[in-house]
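Colleague: Sequence:
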Amino acid sequence: MASALLAVYACRSGGTSPASSFAGVFTQRYDPQRTGQNRREFILTPSNVNDSTFGKLFACAVDGEAYAQPLYVANLLIQGGTHNVVFVATMNNSVYAFDADASPCVQYWKKSFLGTDVTTVPPGDTGETGDINTIIGITGTPVIDPATGTFYVVAKTKETTGCSAPPCYFQRLHALDLATGREKFNGPASISSAITVPGNGDTGDGTCPGAAAGNVPFCPLRENQRPGLLLLNGKVYVAWASHGDIGPYHGWVIGYAAANLAQAPVVFNTTPNGGLGGIWMSGAGPAADATGNIYVITGNGTFDMVAPRTNYGDSFIRLSPASGLSVADFFTPANQSFLDSNDFDVGSGGAIVVDSAGAHPHLLIGGDKQGVLYVIDRDNMTGFNAGGDQILQTVPITAGPACIICGIFSTPAFWEGKLYVVAIGDVLKQYTLANAALSALPA
1 MASALLAVYA CRSGGTSPAS SFAGVFTQRY DPQRTGQNRR EFILTPSNVN DSTFGKLFAC
61 AVDGEAYAQP LYVANLLIQG GTHNVVFVAT MNNSVYAFDA DASPCVQYWK KSFLGTDVTT
121 VPPGDTGETG DINTIIGITG TPVIDPATGT FYVVAKTKET TGCSAPPCYF QRLHALDLAT
181 GREKFNGPAS ISSAITVPGN GDTGDGTCPG AAAGNVPFCP LRENQRPGLL LLNGKVYVAW
241 ASHGDIGPYH GWVIGYAAAN LAQAPVVFNT TPNGGLGGIW MSGAGPAADA TGNIYVITGN
301 GTFDMVAPRT NYGDSFIRLS PASGLSVADF FTPANQSFLD SNDFDVGSGG AIVVDSAGAH
361 PHLLIGGDKQ GVLYVIDRDN MTGFNAGGDQ ILQTVPITAG PACIICGIFS TPAFWEGKLY
421 VVAIGDVLKQ YTLANAALSA LPA
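Here the sequence shown is numbered in my numbering, starting from 1 and rising by one per residue.
Simulated from the structure, these hints should not be mistaken for lab results.
All residues carry an ideal CB built from backbone N, CA and C; glycine is no exception.
Treat the hints loosely; a few may be bogus.
Result set (EDC-like, lysine to aspartate or glutamate): computed pairs, CA atoms no more than 20 Å apart in a straight line [claimed, not checked]:
(1) K56 <-> D101
(2) K418 <-> E41
(3) K184 <-> D145
(4) K111 <-> E183
(5) K418 <-> D355
(6) K235 <-> D177
(7) K111 <-> E65
(8) K110 <-> E183
(9) K235 <-> E416
(10) K110 <-> D63
(11) K429 <-> E416
(12) K235 <-> D289
Using C-beta positions, here's what the derived DEER-type ranges look like [stated by the list, open to error]:
(13) S112 <-> A262: 19 to 25 Å
(14) G244 <-> T180: 33 to 39 Å
(15) G358 <-> V267: 33 to 39 Å
(16) Q390 <-> P442: 52 to 58 Å
(17) A194 <-> D304: 23 to 29 Å
(18) T291 <-> G417: 18 to 24 Å
(19) Q79 <-> P361: 45 to 51 Å
All chains should be modelled from the sequences, with the hints used to inform the complete structure.
Modeller: Given below as structure tokens:
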């Protein structure tokens, strides 16, 4: 088991504060639009973030690697006082609540999802090599509901009891009380092969339960819960891809009632009559707009060239939660077949929801493994056009022919009309967004 440290950084001259006017960081990349911008940051500036005034204040030990982004709640009533608290989830299936200001470290509580005959998952059990090298437990970034004081997190375990043919693999959505770490809202919810969608796509392979004819089951072993969780309009949405492209797998989005995890969830599968199409996005969470639509990007997988479509590999997808989860619109690059066969797929990073002036005010922006940014009108994503893409803009941010070593494996950030993006082997670049178009060249 690998150990790790939570490191706290701040301006040394300012120190830390026992209370804050900043409410907290409740979700991956600060907001459901996944813009990466913190509009309540008034202390850190380009002038004071430097090696003389900014640096590490202290560090707290945790019991495993932290793939998930730490989250933060200011002015939390906990253990008889009001404190700023940082929450850390580890691959060892632990969640910690630390005082964000105390040195030496103060741990308010720790919740472990391990126990007798319950362990983390060895990466080799999934069949992958080189994807995750230590242990698999909590991978995706949790989400916090400050209104109810709840911390939602998905943990993956290997268990030798409680199933018919051990070892068995489980994924569970937990709802924890921020102040105590105790389970609430009828949690946890078991995310298992009992969850199915109609279809005749890839199913079991001996390590996962098979499907009855016409149904595709969720496979807890194969599915990698990498994306951050999304809390939207009373539901917690969770998305999955694969471990190292080891199939059979699909992209899934499953939504649970935040106040009652025992309720039947809403479910979307990206390739129910095919395979793959994982929602990975390098850990970025599904994005949401102000009207409640959800946006994800899928990787390599089956795509239906003609309608009616059920398979959406290599696609930007808008999901409507109005009645379950259904595809309301999508964009798939015209060269989808080339992208798929050469592993140049979209979805290597996440998408951001931004607004702009002009005739196309509602935008979705994300990249691919070729190093190309796509600027899409959320109100008309244009679908698939074999003769050529009809979206607003494509912007190659790296020079030269398509190559996987110059791809975008991160999510752009947006601030005050400027978009920031970096590709493998490249430098950070800034583009100006005006009238629904990015500048042709970076600043």
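Colleague: Which numbered conditions among the earlier hints are violated in the structure presented, ordered from lowest to highest?
Modeller: Failing hints, ascending: 9, 16.
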